[in-house]
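There are 2 protein chains.
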Amino acid sequence: MALKEKDKGKHDKIIEGAIKVFAKKGFYNAKVSEIAREANVADGTIYLYFKNKDDILISVFEEKVDMIIHRMEAELNKVDDPLDKIRTFVEHHIRLVKENKYLSEVIQIELRQSNKFMRRYLPVKFLEYLDLIGKILEDGKRRGVIRQDIIPAIAKRAIFGALDEMSLYWVLTRKPKYSLEQSIEQISTFFIDGLRVPKDTADGFSPLRSPN
Amino acid sequence: MALKEKDKGKHDKIIEGAIKVFAKKGFYNAKVSEIAREANVADGTIYLYFKNKDDILISVFEEKVDMIIHRMEAELNKVDDPLDKIRTFVEHHIRLVKENKYLSEVIQIELRQSNKFMRRYLPVKFLEYLDLIGKILEDGKRRGVIRQDIIPAIAKRAIFGALDEMSLYWVLTRKPKYSLEQSIEQISTFFIDGLRVPKDTADGFSPLRSPN
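Chains as they are written, first to last, in this note's numbering: chain A, 1 to 212; chain B, 1 to 212.
Chain A with its partners taken away, still in its complex shape:
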């Protein structure tokens, strides 16, 4: 259901307010009244848009991760080579985390918690995000630049996990020892070299080249 312009404004204010409150207090400790205060709306208004606190959390994930997916897709579309796309993915993932610290805190810390109580809620948007990596890997295998023995369903989780742990460090550490640029460079190189077809293909790999 499309929201009217004015309603959309309030909806978004509640989402933004919730992100701040969840990040500061944690999902369990956060009160709906605090979200209302942060969003500058009346307590009762929240219930016109959301069923309860869980519903707000789910909406934060779905709407914000959806936005992130669209931004990431736009960046990936600027690049052709699958190995370059991996670098692009790493770079923008880490930058998004740094630029959206409250949101990252909610997604990274509360998502796991909520994963649990929401076992029956399938984190569709999270799986879509993972699939962005999966598609790069499949394309890379097809084009013969990524090793044939890589299983995208496993590798995409490994790559996401590595990025997620690095991001958690960025979110939780006040004075990180390494610059963002160093981390992007390290992680991209590390992944790309683990995935690419070795330069000396005498290594037992005979990548199939796509016809184009």
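Don't take each hint at face value.
Any copy will do: because identical chains look the same in the list, a pair fits if it lies in one copy or spans two.
Heads up, simulated DSS-like pairs for lysine-lysine below, C-alpha to C-alpha not over 30 Å straight-line [as the list claims (entries may be wrong)]:
(1) K135 to K175
(2) K101 to K53
(3) K101 to K125
(4) K177 to K135
(5) K135 to K20
(6) K135 to K13
(7) K8 to K20
(8) K20 to K53
(9) K53 to K24
(10) K24 to K78
(11) K78 to K53
(12) K10 to K78
(13) K125 to K25
(14) K51 to K125
(15) K10 to K135
Just so you know, the hints here were simulated from the structure itself, not pulled from any lab data. It should be emphasised that the depicted structure is a prediction, and the values quoted were computed from it without experimental measurement.
Since the structure of chain A is already known, use the hints to place chain B on it.
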């Protein structure tokens, strides 16, 4: 302070009971009385050993992760080559997760949550576990088998993160699509190839060999 034999028994029963209750209910929803019931001790007995629920959670981490570190060190000591050690680490991390499903659920899901409210509590044991990987990487650089440009402080987090995400998938998915063996093989190969000195060292890497 060393606990007497009988006290040690009760202490351990509470820890084991808490792991089950935290895994099933989540840390926030778990009640101390439920832990007492699961551990088969009186409610009041818990407070002879622990200050509160947070204290139980911290003890679970410290004691269990300490046990895991010792088991992992024993496995790593059986192997000499740093690249083989990485495979050993991956294999035993994934096996430990599978064999200790409740504990993994508590560490993986509740740790992040607690990381937040325990910002002032430094997760010493977690950092020690990360350092097991860090030491393998440093040793590998010294011995010229791991690339000189790898920054162990970053790479150890990337490796842990990848393993952790794979493990979360194992913990949360009822019917994983891939076998444990496939995952171990994929992740080890992926890491080792991302870290090792390329076979054709004309690649710009001139690893320093240690004198031995």
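Would you list, in rising numerical order, the hints stated earlier that this structure does not obey?
Those not satisfied are hints 5, 6, 10, 11, 12 and 15.
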